[in-house]
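Work the whole structure out from these sequences, hints included.
Residue numbers (my numbering), protein chains in the order written: chain A, 1 to 307; chain B, 1001 to 1216.
Calculated directly from the structure, the hints in this document are not laboratory data. Incorrect hints may appear among the rest.
[What the hints assert, rightly or not] Straight-line distance between alpha carbons at most 27 Å, and here's what the computed DSSO-like set of lysine-lysine pairs gives:
id	chain 1	residue 1	chain 2	residue 2
1	A	305	B	1165
2	A	103	A	305
3	A	233	A	103
4	B	1170	A	305
5	A	305	A	247
6	A	247	B	1108
7	A	45	A	115
8	B	1104	A	305
9	A	103	A	148
10	A	247	A	233
11	A	103	A	157
12	B	1165	B	1104
13	B	1165	A	281
14	B	1104	A	281
15	A	157	A	305
16	A	64	A	106
17	A	281	B	1061
18	A	64	B	1165
19	A	233	A	115
20	A	239	A	148
21	A	239	A	305
22	A	247	B	1007
23	A	148	A	233
24	B	1165	A	247
[Stated by the list, open to error] Okay, the calculated bits of chain B under chain A, using three or more residues with CB under 8 Å as the criterion:
id	stretch
25	1030-1036
26	1099-1108
27	1166-1179
[To be verified] Residues from chain B that keep clear of chain A, each with C-beta distances beyond 12 Å, as calculated:
id	residue
28	1009
29	1060
30	1067
31	1187
None of the values given here were measured: they were computed from a predicted structure. Cβ coordinates follow ideal geometry from the N, Cα and C atoms, glycine included.
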Amino acid sequence: MLIRPPNDIAPSEITPRSLFDRRREFLRLSTGVALASLLPAAQAKLGPGRASAYSISETPTPLKHVTGYNNYYEFGTDKEDPARTAHSLRVRPWTLSIEGLVKQPKTLGIEDILKLAPVEERIYRLRCVEGWSMVIPWLGFPVATLLKQVEPLGGAKYVEFVTAVQPETMPGVRSRVLDWPYVEGLRLDEAMHPLAIIAVGLYGDVLPNQNGAPLRLVVPWKYGFKSGKSIVKIRFTDKEPRTAWMKAAPQEYGFYSNVNPEVDHPRWSQARERRIGEFSKRQTLMFNGYAEQVSQLYTGMDLRKQF
Amino acid sequence: MNPALIKPPLFLACLMPLAYYAWGAQADTLGANPIEAVTRGLGTWALNFLLITLSVTPLRKYSGWAWLGRLRRMLGLFVFFYATLHLTTYLWFDQFFDWQAIAKDILKRPFITVGMITFALLVPLAATSNAFAIRKLGGRRWQELHRSVYLIGLLAVLHYSWMVKADVSKPLLYASLLGVLLGLRVWWRVQERNRQLAGAYLPKPRGRIIPLAVRK
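Put into structure tokens, the structure is as follows:
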């Protein structure tokens, strides 16, 4: 009996020997990947994180408020909207590109980013420009860790943070409330400051979508809107980035937006704030209480003009 | 329909928003920032009642239910009621009666300036919402005074839209509803004038004001 080799199979479709020999390993790996993808955000608890000397000792705001009262306009302009709608955000796969005035631009996958540095717990105050504040136990690592992945060119003075736009998961980007994508920026020395972190979690767990998963900037001495959520791109520039809020209302929002009880916002006095969960108001602290660490960044500047 | 039968249940219905916020504050169901929720909610309800009050005349006109006009005073007073509560939450829970900070706020922040003017304009209307005042002022002067409610409506919507940070969709909704209600008045006036010009009226003493409101 003559056995003809079938001639309708292209050689490219034939599994290479090296892989064929590893087929059991391949099965094992793919099952692992499939199982992992069933877990929310593809990972379990982030763990407590290493304690940090930068943490404050004030009582953290209850988790339900931290995750239930958010300004994340891509998911709606009411503060209760993001908690309701942000579950749809696709956080995997996630890549971050670091580009602009750098020698070699880089694109990093979230898995690699999470391996860059051990996660620390940073208990920080968060002061919103609207006059309320929280205390949040973030998990993250310094922004500097990310920035050091590339070599900036001499002219690089600022860093721009560009955040995700997913029209199919973000009901808010259909309206033109802000110019999407939401862009924020820092001076390079601000971004390199050890207090500035990239948060990947809070309260010992993976960052909830409504708080800016999977990568969120946290700059505790500035008003909350400076801390961009769900970051996809970091760009080194020589010019001051035009941020989303500066485009929306330049007379109300400046580039620096440092927390400053003496410089009022046209709509709100910034002298006091309501800590979420408290009845009476607190005095707002200069640089949100981080003056000792950050005020040297602004020596010689008129903070009233460069607000 | 006898307004005397409608008024008591309507009065209770008008208190429902207050009950909602009072209950919510007790049961802690108003979210992370209950004081803000109460302040804004009461302001929104003052505006809601303003639009409801302004709807009475068109509804009465088009439905022919004259008794609706008898509910207008109560609804109008609820505008003042909620506006007073709204102002009180601001003075109390936002500023804790720090009069210096309040004065600064009124001078520096346009949306607060407008809010205060709006409230100030409501006071004489509330104060003259009684038969004695109508008699004292005379129907015509009373009516002229109460036409400031149109200005109040415009200022209230302005106050709302200037308070909002970026998303003006809700203030715009209120603005368009108010636009319809005020537009109707303009439309009636034009119609009335046309009718007069067409000689539909018998000659009357000069200077007679075109009646816009119910005359009983």
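Open item on the list: Hints numbered earlier in the text: which of these fail when held up against the supplied structure?
Closed with: 2, 4, 16, 17, 22
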